[in-house]
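Student: Given the coordinates of chain A, work out where chain B should sit on it, guided by the hints.
Chains A and B are the protein sequences, given in the same order. If you're matching positions, the first sequence starts at 1 in our numbering and goes up one per residue. If you're matching positions, the second sequence starts at 1001 in our numbering and goes up one per residue.
No lab work stands behind these hints: they were computed from the structure. It is possible that part of the hints are untrue.
Unchecked claim - On the chain B side, residues computed to face chain A include the following (Cβ under 8 Å):
id, residue
1, N1037
2, V1054
3, F1056
4, A1102
5, T1127
6, D1134
As the list claims (entries may be wrong) - Mimicking DSSO-like on lysine-lysine, the simulated pairs with C-alpha atoms at most 27 Å apart in a straight line are:
id, chain 1, residue 1, chain 2, residue 2
7, A, K68, B, K1070
8, A, K311, A, K356
9, A, K379, A, K335
10, B, K1184, A, K68
11, A, K512, A, K713
12, A, K278, A, K46
13, A, K68, B, K1144
14, A, K463, A, K421
15, B, K1144, B, K1111
What the hints assert, rightly or not - FRET-style restraints, in silico, Cβ to Cβ:
id, chain 1, residue 1, chain 2, residue 2, range
16, A, V126, B, L1164, 47 to 55 Å
17, B, I1132, A, T90, 18 to 26 Å
18, A, T90, B, L1119, 23 to 31 Å
19, B, I1063, A, V64, 41 to 49 Å
20, B, S1089, A, G78, 40 to 48 Å
21, B, K1069, A, D235, 55 to 63 Å
22, A, S230, B, I1132, 27 to 35 Å
23, A, N60, B, K1069, 31 to 39 Å
24, A, Q225, B, I1132, 52 to 60 Å
25, B, L1159, A, D103, 23 to 31 Å
26, B, L1164, A, V64, 52 to 60 Å
27, A, Q122, B, I1132, 33 to 41 Å
Where a beta carbon is used, it is the ideal one built from N, C-alpha and C, also for glycine.
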Amino acid sequence: MVKLKQQSLRTQIIRLILVTVVLVTFVILTVVWVATLNTAQNDIEKNISLATNVLERTINNANVQLYKSALVLTSDFGFKQAVASRDAKTIQSVLVNHTKRIDADLMAILDMNGNITASSNQLLTVGDQFFNPTSTIEALNDNGGLAFYQIENKLISVVVSTVRAPTPIAIALVGFEINSQFINELSEMIGQDLQLSTNFSSTPTLWPRQSAATNLTLSTLTSEQLSKASLIKPDQITLDKVFFNNQHDFISNTKKVYSELSFDVLLTVLQPLETVFKQSINLLLTIVVLAFFICVIAIISSIIFSKQIIKPLMNLANFADAIAQGRYETLPIEKKTTSEIQLLTHTFMAMQKQIKEREDHIAFQANHDALTQLINQKKLIEVLDDLYIKQECALLVYLKVADLRNIFDTFGYESGEFLLKQVAQNLTQLGGPIARTSGGNFIWVSTKNIFEDSMKDDQRIAKIKTITTTTYSVDNQVIRPHFDIGILQIPADASTAISALMRLNITIDAAKNNAQSLACYSLDLEREYTRRLDILNELKNELALPVPIFTLNFQPKFRLSTMMPERAEALIRWTSPQLGFISPDIFIALAEQAGLISQITYWVIAKVIRQQYVWRQNDIFIQVAINLSVYDIENQQLLDFISSELAKYDLPVRALSFEVTESGLMNDPENTINLLRKFREYGFSLSIDDFGTGYSSLAYLKSMPIDELKIDKAFVLKLNEDGQDQSIVETVLSLSSRFKLEAVAEGIENLASLKILKQLNCDWAQGFYLSRPIKQEDFL
Amino acid sequence: MSTQQTTLKYIKMIVIGVGVSVIYPLSAANIQILNSNGQPLQDVVAIIENQESVIFDIQVPEIIDQVDKKFVPRVKVIHVGQSINFPNSDQTRHHVYSFSAANSFEIKLYKDTPANPVLFDHAGIVTLGCNIHDLMIGYVYVAKPNTLAFVSDEQGVILLPGNLIMDTTSKIMLWHYQDGLQPKEFQLQPTSNTNEFIVQMDIQQPVQRKSKSFGQNKW
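In isolation and in its complexed conformation, chain A is listed as follows (with noise of 0.2 Å):
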């Protein structure tokens, strides 16, 4: 099971949705925040833009209204008439009166020096200079108009006209004072608090009865509020403002509605901060939740989201590590899951088939022999184990191509395999495992159900041997391979694998020998078997010896025209002290196989030189003929060696002759001339041994240097009796004879074949009748 960190792509979805509406959230707030803020700041402006306009406009209009009563007043005939009197007491009660008609709150004549005439609020003074003479003038001219005074801590609003009657005769002012009602009744009109206040920037010289320039404030706020308010433009409004606003704070935008001099009047419209923002915190508050909200949706379905895609994934990743592991699961197939993992499903998919595939495959190979997909030796082992284990029975046949070598060369090496592959294939039919193990060697290994209980061994096999006489086609040739069949039978023949094997490979070395090509197992192969790898090691072991303990017979040669010794042939005999005597064919042709032979033939020739100088001592002269085998004479120090110790004693050369066995002439003649012909140059005479059993083609045996025939004792065992025996040795003989040569028999064992030697001419004789092979004292 594949661990993993599952909230890894988990977390990541939730993080990566987290984050986009944290991001997105935070960049409307901001971007709603500025867009309110504008808003709200270019409404407030407006608002009280407007607001002041409005309140301008409403104040020209009133200021309209009242200059007009005003102008109406000062036409009145009889106001204008009470003015010409310059009676002081009607002026005055005209004055009054009149101020009460247009509903003023004060109204005072000047003459046209400015001078306060009459007044009827003790505000004016009468007497005191309202204008300067040059305003008088331009008032005069400018037909009056509407100035703001504060006259001490009342702001008055007045209207100035000329009295005409008809040319101007003197100055009316008719003047409202602006006191808190008519804010009120302003403010409730345009729905703000607003204020009036006065500004000073310096005293001015020509107000009545001004004590102290004091601003004065006229506002719908109570004065608490006043003292306590804190006005912000509209284009100061901040952040924090908006949030942390108290009911203190007003956002604020004033206007000068008059300014004469260094005195200004100054509308101011308020509208209280909270109120202005509450929608737009609202608002704000609102997306907040809303994110909020999202975020937790998002989290929701990004689990939900991350579940679809990680537990396919999770799937994957398991199925992943079990094909790692070898183990070929299906996979499940989630449906609720997106296209992409789908596809990824069905690759893994492929590929674990794929890998099945390869892996089957390559174990197939390491099972299988590539030529001709056999089981190769280490799935045999296994079988053969597994039957083991089972305690089943079978029977091992070991079938080896023995002519295999011979196939290739002849036909060459892709028919050979062809070949090969036909056999195997035939083989397949036998049914059952069927291994090539190297080479033309296959194994079949026949479970029960092959051959029935009831059959015999004769029955067996011959019903192997019918598959493997067989023919097969090849090259548009026809080929039949010469099988060699070893037989084994397990459990009872071996009781390992690797012993049923091994014991296979002994018993194919006995078939090879055998006349039939087929063996069975036996104890008795593994003991000779054994038993040659026993002489080998012992071999071994002598010539690792110092002085080894063989000893030299000598059979002398007859030569039957005189029957004397003359001549004598050096056998080596060893008896072993763990093996007891064993006999030179089988230790001589086991040294030859494992090549050994030429230490020993150094041995007998050092043995037999040395020899020749005793008997020399002796005053015997007997020529001694040494066995060479094929790899005496290829080797080339041989020759050297032989000389040396020949000159160490001080010996002729025809002290010594030398044997070599037809077949081992025959096997490659060409080189074995050119050898031989050494010899010969050195002069030592040579000898065929043991002819006619060996395969020799007499073109060679004529160029061959060799001066001597050793008829085979095959011949001449019974040459008394057998009549073609006879004529075979007669035949020899008079090769012999044309070609010059010298001829032995060996293994003459009686009198009557002696006879028939002589008889036939034959030049010596050898064998047990005459003498057998006797030690070097005897011949003393």
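Tutor: For chain B alone, kept in the frame of chain A given last:
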């Protein structure tokens, strides 16, 4: 013409006039009144005081008519004790009044209602107005008995009687209604003609009163 050029022109005239005046005998003098732009100034009252035997008729009332909502003449010169009749030739009624110290009165002038003449028994300037029509203004100069008073005509000329000898040394009192309420003394300026004189007064073109509108706040 610029003032300089005008002055230059009249200086030329004066030079010629001096030459001519030597030849021609004395005749009725006249005075050309000019405004500050050198243009003829109408309705200027000229007063020559301390004159003996000034003849005027107190029995026959002078007339100031109301034509087309205007006083005709705009400026009337009478002597103390004379009366003025206000016939009202207009179709509308007029309510003539005066609050001047010299004479305060009011006459409601209705059609078909003849009005009595108004006696002016104090010397001084009387400003006449109409209560109905604010722009209707007229002036009466009530001269003292031994004062000669004249009004300049449309050409701005004051014709003096033939027996009145004036020269450049003569001083004359002039009054225009745009220039306060007191006549001022002026010196006669000679022209080419010995009988003709020029006086230039510092008075702009008669200013039309602006209509009553609510103008600027500032004054």
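Student: For each hint, tell me whether it holds in the structure or not.
Tutor: Now the hints, each set against the structure:
1. N1037: violated (19 Å)
2. V1054: violated (28 Å)
3. F1056: Status violated, d = 27 Å.
4. A1102: violated (12 Å)
5. T1127: Since chain A brings a Cβ to about 6 Å from T1127 (chain B), closer than 8 Å, the hint holds.
6. D1134: This hint holds: D1134 (chain B) lies near chain A, its Cβ roughly 6 Å from the closest one there, short of 8 Å.
7. A:K68 with B:K1070: Measuring from Cα to Cα gives roughly 26 Å; hence the hint holds.
8. A:K311 with A:K356: holds (25 Å)
9. A:K379 with A:K335: violated (44 Å)
10. B:K1184 with A:K68: violated (38 Å)
11. A:K512 with A:K713: Answer holds: K512 (chain A) to K713 (chain A) is near 24 Å, not above 27 Å.
12. A:K278 with A:K46: Holds, because 18 Å separates the two Cα atoms, which is no more than 27 Å.
13. A:K68 with B:K1144: violated (42 Å)
14. A:K463 with A:K421: holds (21 Å)
15. B:K1144 with B:K1111: violated (33 Å)
16. A:V126 with B:L1164: 47 to 55 Å: holds (49 Å)
17. B:I1132 with A:T90: 18 to 26 Å: holds (23 Å)
18. A:T90 with B:L1119: 23 to 31 Å: holds (25 Å)
19. B:I1063 with A:V64: 41 to 49 Å: holds (42 Å)
20. B:S1089 with A:G78: 40 to 48 Å: violated (28 Å)
21. B:K1069 with A:D235: 55 to 63 Å: Cβ of K1069 (chain B) to Cβ of D235 (chain A): about 58 Å, so the range 55 to 63 Å holds.
22. A:S230 with B:I1132: 27 to 35 Å: violated (59 Å)
23. A:N60 with B:K1069: 31 to 39 Å: Given range 31 to 39 Å: holds, Cβ gap about 32 Å.
24. A:Q225 with B:I1132: 52 to 60 Å: Holds, at about 55 Å.
25. B:L1159 with A:D103: 23 to 31 Å: Because 57 Å falls outside the window, the suggested range is violated.
26. B:L1164 with A:V64: 52 to 60 Å: holds (56 Å)
27. A:Q122 with B:I1132: 33 to 41 Å: holds (37 Å)
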